[in-house]
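Taken in order, these protein sequences are the chains called A and H.
First residue of the first sequence? That's 1 in this note's numbering, and the numbers climb one at a time after it.
First residue of the second sequence? That's 1 in this note's numbering, and the numbers climb one at a time after it.
Be careful, since some hints might not be right.
What the hints assert, rightly or not - Residues of chain H clear of chain A, computed beta-carbon distances all greater than 12 Å:
id : residue
1  : T237
2  : A263
3  : G273
4  : N306
5  : G311
6  : D359
7  : G365
8  : N389
9  : D391
10 : A393
11 : M419
12 : R428
Said to hold, decoys possible - Straight line, CA to CA, 20 Å or less: simulated EDC-like cross-link-like pairs of lysine to aspartate or glutamate:
id : chain 1 : residue 1 : chain 2 : residue 2
13 : A       : K180      : H       : E317
14 : H       : K302      : A       : D87
15 : A       : K63       : A       : D271
16 : H       : K379      : A       : E51
17 : H       : K411      : H       : E401
18 : A       : K487      : H       : E317
19 : A       : K487      : H       : D321
20 : H       : K302      : A       : D71
21 : A       : K155      : A       : D173
22 : A       : K463      : A       : D71
23 : A       : K487      : H       : E401
24 : A       : K201      : A       : E152
25 : A       : K39       : A       : D166
26 : H       : K226      : A       : E51
27 : H       : K379      : H       : D321
28 : H       : K302      : A       : D65
29 : A       : K39       : A       : E453
30 : A       : K476      : A       : E460
Hints were generated in silico from the structure; no laboratory data involved.
Glycine residues also receive a C-beta, built at the ideal position from the N, C-alpha and C atoms.
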Amino acid sequence: MSLSLALDAALSGLITAQRQTALTSRNIANAATPGYTRKDAELAAQTLQGEGRGVMVASIVRKVDTMLQQDVRRESGLSAELQTKADGLASFTTAIGQPDEERSLSSQIAKLSQAFQSLGESPENAVIQHSVVGAAQGVARSLNQLASAVGEQRKAADQGISDSVDSINQSLDDLANINKQLSVVGGSGRDVTDLLDQRDKLLDSLSNELGITSLTRGDGQIMVLTQGGTTLLDGAKVNHLSFSTTTTIGAASAYNAGAGPLSGVTVNGLDISPGSGYPSAIRSGRLAGNFALRDTILPQAQTQLDEIASTLADGFQRADATVGAGQSGLFTDNGTFHDRTDPAQVTGLSERIAVNALVDPDQGGSLWRIRDGIQAAAPGAPGDAIQVRAFLGVFDEAVNYNAGAGLSTSARVGSYATEFVGYQDNQRAAFQDRATYQGSITNTLSTQRINLEGVNIDDEMQKMLLFEQTYNASAKVIQAVRDMMDKLLEL
Amino acid sequence: MSILGAMYSAVSGLGAQSTKLGAISDNIANSSTTGYKRVDVEFSSLVTEQVSRRSYAAGGVAGNVRRQVDVQGLLQATSSSTDIAINGDGFFVVSDTQNANPQQDLTALTRAGSFTPDDQGFLRNAAGYYLMGFALNPDGTTVNPSPARDALSSVEPVNIAGINFTGAPTTAVTFAGNLPAQLANGTPGAPISTDIEYFTELGNSNTLTLQWTPSSDGIANDWNLKIFDSGTGGGTTAIYDQIVSFNDTGPDAGSPSAIPGIAGGQLPLSVNGGLQAMNLDIGDVNDPSGVTQFAGEYVPTKINKNGALFGVVNRVEVSDDGIITAIFNNGVRRPIYQIPIAIVQNPNGLSARDGTAFDQSRDSGSLYLWDAGVGPAGKTAGTSLERSNVDIAQELTSMIETQRTYSTNAKVIQTADEMLSELTQLKR
């Protein structure tokens with residue numbers, strides 16, 4: 001029987017070498033595939049009834065470090081969050097411009113102040129009066145544009161949340177599908193390594209969207225929870241995230257833990273958005289970044305703009321001797337009087353602020369009101385600059401600001417505007433710095449992971465040589481057995 | 001007359017050698033038949049009583065045909081999960097019919113395990129025999145609590161199409177995690193919750209919600225644990241609502257100091273409208289491996305449960321103890337049949353029949369059905385087949401030997417003939 005045994009063993013050697021070569025070729029072909037991990041065949045001697053019968057592939061394994069994977073996922077989630085914040089602010093700060101730029105809000109306010117200065121020197125000059133009105137309109141327009149930029153950015157963040165939620169739900173569905181397949185093929189000795197690769201890839205992309213924890217259960221299936229412990233996937237059951245986008249987001253649109261018009265992210269009715277008051281809310285990932293942009297960072301910019309608008313409207317109302325109670329000054333709240341003591345009127349003023357139609361010749365107003373007071377009944381003496389000097393006082397007056405805006409609580413309006421522009425730019429730079437730093441941590445870990453899990457072509461080529469030798473040797477054995485049989489038949 | 005005796009002896013030699021050649025040709029023909037057992041011809045001498053020491057009366061030779069049933073063939077791996085080989089002694093019980101408890105003459109024993117399901121789901125081998133086994137309950141016990149082992153009255157044909165659906169209710173859930181100690185400072189706080197899916201006896205998917213709220217009883221490190229069940233009152237009323245306290249000092253700091261209602265580390269729950277009993281393991285009192293409370297974030301670290309959703313059979317597998325397991329598409333594995341291994345006293349005494357099978361005979365002795373791998377019975381090996389135990393090299397060598405012996409016998413006849421003709425020529 002020994003010849004048959006030799007044939008059998010040699011055949012098992014051939015088959016094993018073939019499988020190993022196939023595996024190596026799979027590794028080499030996927031060397032550059034993202035998320036592919038190196039597969040190795042573990043060999044075992046085949047024994048039947050205690051006798052050696054050749055060799056077999058016991059299992060196909062992949063080398064992964066689950067702790068490292070979790071580190072990479074946690075860090076890449078933080079990285080994605082910071083990058084989202086930095087990117088969101090970058091678009092906004094582009095709209096704001098630098099403090100010394102012509103189009104920036106602080107330059108516009110400085111221009112208005114200069115125009116009043118010139119008017120103080122020649123109050124009768126209609127050309128200068130016109131330039132004052134133009135500068136005032138420039139300030140109002142700049143405030144309007146910035147307010148709408150804030151709204152657009154918040155809208156973009158809102159859309160970003162919705163995109164993240166869609167992608168998370170899709171990933172969860174795919175993971176549920178993989179869980180199902182694993183439960184069927186798992187434990188049967190079949191090769192599940194590619195399924196596991198796919199699963200890791202999905203978990204990676206999921207952790208970019210929000211911070212997750214994944215728990216592997218006894219049967220090989222995974223359970224996905226948010227870092228805060230909210231169940232997203234349990235075996236084949238997916239708890240989808242729900243979110244609805246808001247079509248227009250204005251200054252008054254707030255999230256307020258679900259009480260405002262803006263939507264939060266809910267799972268089975270439980271609101272897990274940051275700011276919902278849920279103690280274990282969403283942390284990190286693009287989702288957290290967009291929530292911060294929509295509900296904290298950009299609303300703060302909105303408050304700062306509203307404070308500037310409110311200070312201007314209120315200052316010009318108070319400085320104008322002709323303006324009575326309930327009457328509007330140079331700047332109006334969309335045509336009406338502005339009450340700075342009423343927080344509801346302050347909110348969103350930067351969206352509505354406009355130059356009073358009474359001074360705008362295009363809207364039937366008269367330029368002389370700039371000199372004599374907005375609500376003056378008739379033109380005064382052409383050389384009278386008393387009111388103009390009072391108007392100039394608005395720029396020199398230190399005003400108290402809402403501490404919630406995060407800037408100085410008492411400052412002149414011009415420097416407050418400069419502070420606003422600088423603050424936003426600094427904030428963006430700070431987020432960008434942190435994102436770059438976090439990105440480098442993520443990169444270091446990812447590189448480590450690729451080195452551990454990825455395919456090294458040199459190694460594979462060296463293994464290939466070995467398999468070729470094994471294959472040739474096994475074939476040689478078969479040839480020898482054939483020669484021996486031939487000898488027997490020749491007898 | 002010794003010459004004639006020698007001639008007859010040589011004729012018996014011719015007969016014996018041709019018998020052997022016949023056996024060799026059968027062996028070679030079946031050298032790749034699954035489960036085939038080689039036939040050997042052993043010779044024994046026939047002796048004529050010697051009347052005198054001065055002359056020799058030739059006797060001759062008789063061939064005894066013996067089948068080497070007890071010699072195992074090589075096992076070879078296949079890719080079909082219903083190919084079964086026996087690694088060790090014993091036989092599969094097979095039948096000609098698909099009826100349970102078949103008549104004795106319709107059953108046979110075989111080691112040819114190339115079984116595949118037929119159109120009705122019966123496992124049949126290449127020769128068409130039905131594989132017989134004991135039907136099993138889902139818990140692995142035989143349906144017949146004491147199946148007959150010394151007769152074939154309890155076996156029935158293995159049918160893998162009969163078992164289609166399954167759902168397993170969840171009876172045990174394990175939860176471990178950390179509760180943020182900084183939130184439980186004796187003042188009321190917002191609840192934190194985690195959902196765990198469980199399965200009802202009908203295979204429905206329900207949700208168990210574990211909700212932890214810093215207790216408002218004014219005592220630090222007390223948590224109000226409420227458990228909601230989507231199958232009980234729509235999940236609005238808690239099925240468990242108690243204060244779980246945690247140790248704040250000593251070696252057990254951070255582990256629970258009191259869990260009302262816990263027994264033996266398990267929290268008994270009645271879920272699904274009170275229809276289903278379930279044990280929730282959140283760790284015992286003073287046990288740091290379950291729920292703990294340390295300063296930090298809320299992190300579930302382990303969630304495990306049993307049970308499965310409704311599912312259909314995906315495939316079957318055979319384990320080495322002869323259990324055929326159905327694997328459902330929901331991941332459930334359920335034993336469906338046990339294949340007994342028949343052992344007879346003298347396997348070489350079995351009489352062969354068509355289809356690489358054997359019948360019991362007077363020489364074989366009576367059979368006994370063992371569990372695979374128990375006692376003298378071999379283990380079953382799935383995705384394997386037993387090859388024929390014929391070794392071509394051995395057969396070729398025997399053939400050469402047979403041919404030479406045959407020609408020598410013929411030479412004896414020729415010599416005897418020549419001697420006789422010599423004799424007849426004495427008289428002219």
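| Violated hints, by number in ascending order, as checked against the structure | As far as the earlier hints go, 4, 5, 8, 9, 10, 14, 15, 18, 19, 21, 22, 24, 25, 26, 30 are violated by this structure, in ascending order.
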